[in-house]
Amino acid sequence: IAIFAAFLATAFAGYRAPGSSAYYGYSPSYGVPKAAYAVPVAAYAAPKAAYIEPVYKPQPYSFGYNIDDGYGNNNHQNEEGDEYGSKRGSYGYTDAYGIYRKVDYIADDYGFRASISTNEPGTTSADPADVKMVAKEPAAQVHPAPAYHAPTYVAYGGHHGGHHGRFGYKS
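According to mature numbering (1 follows the signal peptide of the UniProt record, and there is no 0), the stretch in the sequence shown is residues -22 to -1, 1 to 149, in order.
By construction, these hints were calculated from the structure, which means they are not laboratory data.
Idealized CB from N, CA, C, for every residue including glycine.
Please note that the accuracy of each hint is not assured.
Said to hold, decoys possible - Estimated spans, in silico, between C-beta atoms of each pair:
| hint | residue 1 | residue 2 | range |
| --- | --- | --- | --- |
| 1 | Asp105 | Gly76 | 45 to 53 Å |
| 2 | Ala85 | Asp46 | 54 to 62 Å |
| 3 | Gly100 | Tyr29 | 50 to 58 Å |
| 4 | Glu98 | Ala28 | 47 to 55 Å |
| 5 | Ala125 | Pro18 | 50 to 58 Å |
| 6 | Tyr78 | Ser40 | 18 to 26 Å |
| 7 | Gly48 | Val81 | 18 to 26 Å |
| 8 | Asn97 | Ala125 | 53 to 61 Å |
| 9 | Ala125 | Tyr22 | 55 to 63 Å |
| 10 | Ser103 | Asn56 | 19 to 27 Å |
| 11 | Asp46 | Ile94 | 18 to 26 Å |
Can you build the whole structure from these sequences, using the hints too?
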């Protein structure tokens, strides 16, 4: 019996019965998956130098023109500026009938001021430049709601009534 038991033990030494909870360990047969692409890295971009327009001190200047067209019409302008940015000048015209307009102006730290001399018909002496202007926000645009007409439904008259126009849908 001992020999027979030894024989059976040898014959079934590597056999594992169904439902056995024997654990032989875990050894993966594959490697850890790797990313198929490289993670994008933002390249450093140095800030671009902004061009700054140089600011120059005002320079004195003067210019002008006087155009006579040979038919009695004249157009002229003269202007001068100083080293402080102030401007002073005049412009105007005279037509062949002797009607003229001349504008003398000054633009400086106190604003723009003009004086107009004319003999144009229909003009009177006035000083309308003494104005207070108040700017306000534009009025909101109000659009009316679109017109909507609900459809009118009537009783369904069956297959033949619907095709022959006695019953059905009206708009």
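Structure-based check of each hint:
no. : hint                       : verdict
1   : Asp105 - Gly76: 45 to 53 Å : violated (25 Å)
2   : Ala85 - Asp46: 54 to 62 Å  : violated (27 Å)
3   : Gly100 - Tyr29: 50 to 58 Å : holds (52 Å)
4   : Glu98 - Ala28: 47 to 55 Å  : holds (51 Å)
5   : Ala125 - Pro18: 50 to 58 Å : holds (54 Å)
6   : Tyr78 - Ser40: 18 to 26 Å  : holds (23 Å)
7   : Gly48 - Val81: 18 to 26 Å  : holds (24 Å)
8   : Asn97 - Ala125: 53 to 61 Å : holds (59 Å)
9   : Ala125 - Tyr22: 55 to 63 Å : holds (59 Å)
10  : Ser103 - Asn56: 19 to 27 Å : holds (24 Å)
11  : Asp46 - Ile94: 18 to 26 Å  : holds (22 Å)
Violated hints, listed in ascending order, are 1, 2; each of the other numbered hints is respected by the structure.
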